[in-house]
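Between the sequences and the hints, there should be enough to build the whole structure, so can you do that?
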Amino acid sequence: MQLISVDDHLIEHPKVWSDRLPRKYLEAGRRSSNGSGPTPAKCAKCGNTRAASIPTSG
Numbered sequence: 637m638q639l640i641s642v643d644d645h646l647i648e649h650p651k652v653w654s655d656r657l658p659r660k661y662l663e664a665g666r667r668s669s670n671g672s673g674p675t676p677a678k679c680a681k682c683g684n685t686r687a688a689s690i691p692t693s694g
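So the numbering used here is basically just the index in the sequence shown, starting at one, shifted up by 636.
Careful: at least some of the hints might be erroneous.
[What the hints assert, rightly or not] Derived Cβ-Cβ restraints for the label pairs, each shown as a range: (1) K660 to M637: 49 to 55 angstroms; (2) D644 to G665: 23 to 29 angstroms; (3) R666 to L639: 30 to 36 angstroms; (4) R659 to M637: 38 to 44 angstroms; (5) I640 to R666: 26 to 32 angstroms; (6) Q638 to R659: 43 to 49 angstroms; (7) R659 to L639: 40 to 46 angstroms; (8) D644 to R666: 17 to 23 angstroms.
For the record, the hints were derived by calculation from the structure and aren't laboratory data. Note that this is a predicted model, so its numbers are computed, not measured. Backbone N, C-alpha and C fix where the C-beta goes; we use that ideal spot for every residue, glycine too.
See the structure below:
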């Protein structure tokens with residue numbers, strides 16, 4: 637019998653967007669944070685855009 641997980645989560649590495657976006661889109665692109673820095677995020681790991689801070693799951 638082959639078991640297949642239906643509850644796995646993909647979590648991107650922290651620089652997945654900044655490493656791949658063209659330079660002109662870096663400011664608008666998603667950035668990862670780990671809750672540290674001058675304004676700590678409310679979650680342990682978040683993806684940030686100019687409009688929102690989006691928590692990751694997994």
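Status of the hints after comparison with the structure:
1. K660 to M637: 49 to 55 angstroms: holds (51 angstroms)
2. D644 to G665: 23 to 29 angstroms: Cβ of D644 to Cβ of G665: about 25 angstroms, so the range 23 to 29 angstroms holds.
3. R666 to L639: 30 to 36 angstroms: This hint holds: roughly 33 angstroms between Cβ atoms.
4. R659 to M637: 38 to 44 angstroms: violated (50 angstroms)
5. I640 to R666: 26 to 32 angstroms: Holds: the Cβ-Cβ distance is about 29 angstroms, inside 26 to 32 angstroms.
6. Q638 to R659: 43 to 49 angstroms: Once the Cβ atoms are compared, 45 angstroms apart, the range 43 to 49 angstroms for R659 and Q638 holds.
7. R659 to L639: 40 to 46 angstroms: holds (44 angstroms)
8. D644 to R666: 17 to 23 angstroms: holds (21 angstroms)
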